[in-house]
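Letter by letter, the chains look like this.
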Amino acid sequence: MNKLLAATAAAALCAGAANAESHTQEVGIGVILGFTGPIESLTPQMAASAELALSEINESGNFLDGVTLAPVRADSTCVDSAAATAAGERLVTTDSIVAIMGADCSGVTGAVLSNVAVPNGIPMISPSATSPALSDAEDNGLFFRTAPSDARQGVVLAEILMERDIGEVAVTYSNSDYGKGLSDAFAAAYEDMGGEITINLPHEDNKADYSAEIASAASAGGDVLVVLGYSDSGGRGMIQAALDTGAFDTFMMGDGMYGDALMDALGDYMNGSFGAVPWSEGEGAEMFAKITEEAGINGESSFTRESYDAAALIALAMMKGGEATSEAVAENVMSVANAPGEPILPGELGKALQILTDGGEIDYVGASAVELIGPGEAAGTYRHYDIEDGDYTTVEFK
Amino acid sequence: MDFLNAFVALSNFVLIPAIAYGSQLALGALGVTLIYGILRFSNFAHGDTMAFGTMVAILFTWWFQSMGISLGPLPTALLAIPFGIAGAAALLLLTDRVVYRFYRAQKAKPVILVIVSMGVMFIYNGLTRVVLGPDDQRFADGERFLIGALDFRRMTGLEEGLAIKSTQAITLVTAIIVVALLFWFLTYTRTGKSMRAYSDNEDLALLSGINPERVVMVTWLIVAALATIAGVLYGLDKSYKPFTYFQLLLPVFASAIVGGLGSPLGAIAGGFIIAFSEVGIVYAWKRVVAHMVPEAWEPEGLLQLLSTDYKFAVSFVILVIVLLFRPTGLFRGKAV
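Going down the list, the protein sequences come from chains L and E.
Quick note on numbering: the first sequence equals residues 1 to 398 in full-length UniProt numbering.
Quick note on numbering: the second sequence equals residues 1 to 336 in full-length UniProt numbering.
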């Protein structure tokens, strides 16, 4: 609650400051995230992180002459494609935004991309859409993501099981574009490596009761229950039901399951479970932790790093292109994100702008060690973790 | 051949979870059915009334916990239920005063009241999120299990485990007490009788001198109590998240309609029918059958009638069948 108040107050202050200098040109950046719906507990921190990057750009005073970036929030709902499309459409027609930071969940991201971004020529950078299907989406070079595709995560999860000599698992996934994509990628990789999947079971999010699903999984058997869902929704419901009935006591979790709320609730019962989550170590992550702490944002929350990086990339691409337009963003994202150039960490956006003004090159590293590959998506490092004494401990990075 | 293990597996995964879930649905459906019977509209705000009452109970639970008050092995939240009921009752009476009474005075059609209740639903929705936020909240304490699966295995030496959560037991006991009290109230007290009279025939009831505003007020009070108790029990057993309570509306309505809107007995039966069909029809029988037949016959497949994806379809198919062949529901409620 305090954070919310602080964030609102900060937003109000920013708005006030922007109004004061009415001669400057204000350029809107859409922040489309699921502020209501299944991941509504993650999105406030994600939006705050993205807005932190934009205000850092504005405050540096080095951005394009007389231009300030103004975030405009809209609700993607995470699950309702029609609502997300309408929200995106409104941002383009009413608020005249030039780029989109978002959307969040894979399904609505695909909808906004094909119905809003492509027809209007608006580039979008998603911090958290990880469905492999988005790699081949028709995007006219407008879609980027700072989160890695789940095709890679599927392989990472399968490798972890093999390293632990676990040859038979039951799988349950969130019945969404994200869950389905990840479960397909995982199943293909795991079966290639010789593993056996006893049941591949979808679960609906936010439902009242998961006894039926867990009963089927228990009947099918397996050494471990692989949970590819959302930590504050169906995935957690499945784990809770499994623990309650004693059907499974060890779980392997995909990235959507990583969250402190899950540990607070069930951590003590989950010792010995493990999983993987996109992670970044090193200087960038430390810097990000520092600046988010100063700004009063919970930077440890999922996808906050990627959100900050997505917003920063939009601004830096504009700077590189020399104008605050959609074209400038679409053309220059790849070049500011990757080598060659001076590495840029979170909190150093002002410096990056200066280098670009002087005609230099930058390689944005950011909070999540951004490296865009293929059709403009993050390569991704994963943290393989164990749960010990009700808390996460790192096994290795891969 | 091991019938004992088969029965234990079936109890653990089907009977016990379905009984607990059925009790929670039944309490929710009772509230819906009472409003339908007496106020004559389907109250879409019921799920969020549950969320609001539970929220107040959670806030009091935290306060009690911070003062060190507890019920020992029982969850502290049970102590907070009366306060939650009071909070929900205040909210419902306020809503009735500023919203529903206006439409009642105009003798608005039920369909208009349904839409009005949707508006109320969104406001409750926002209210809960403003106060407590959209996140999951933990408020359960006390003993988690009556019998854990591991303990049961150790105690009996059986291969299958049987887990009974304390919250499941509490749910069942509380539901029985609440339902008994409600039926006693409706059957034997003067107010209860006047409520039933008002529900059967509004004009006749008014002619015989029943004060309609009093009947409406008592109804809202009972609904507040039912909604809060159902909400707290559900939150203790599973978890508290405003969005899930909103989603709970669907099975609750299905239960009320299957049982027959306006019929309290039907609401209870409906709750259990929906719960058992959701859990039972999609159950994979492999494990149970494996215990019942000689090892050589052990099934390869899962022996599942329908994949769990269809569990919601199952309750809706039941709903459609009931509406087609018996539109008033199993217990002769009112036609929708």
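Please keep in mind that the hints were generated in silico from the structure rather than gathered at the bench.
Since the model is a prediction, treat every value here as computed from it, not as a measurement.
Idealized CB from N, CA, C, for every residue including glycine.
Incorrect hints may appear among the rest.
As the list claims (entries may be wrong) - Derived DEER-like restraints, expressed as beta-carbon distance ranges: (1) 86/L x 40/E: 50 to 56 angstroms; (2) 305/E x 374/L: 39 to 45 angstroms; (3) 70/E x 391/L: 21 to 27 angstroms; (4) 194/L x 153/E: 46 to 52 angstroms; (5) 98/E x 121/L: 29 to 35 angstroms; (6) 192/L x 110/E: 44 to 50 angstroms; (7) 155/E x 391/L: 56 to 62 angstroms; (8) 181/E x 90/L: 26 to 32 angstroms; (9) 153/E x 192/L: 33 to 39 angstroms; (10) 121/L x 109/E: 44 to 50 angstroms; (11) 86/L x 155/E: 56 to 62 angstroms.
Stated by the list, open to error - Chain L is nowhere near these chain E residues, computed Cβ spacing over 10 angstroms in every case: (12) 7; (13) 25; (14) 136; (15) 142; (16) 193; (17) 205; (18) 210; (19) 216; (20) 239; (21) 241; (22) 244; (23) 251; (24) 283; (25) 302; (26) 331.
Which of the listed hints are not met by the structure? Numbers 1, 4, 5, 6, 7, 8, 13, 14, 20, 21, 22, 23, 24 and 25 - these are the hints that the structure violates, sorted from lowest upward.
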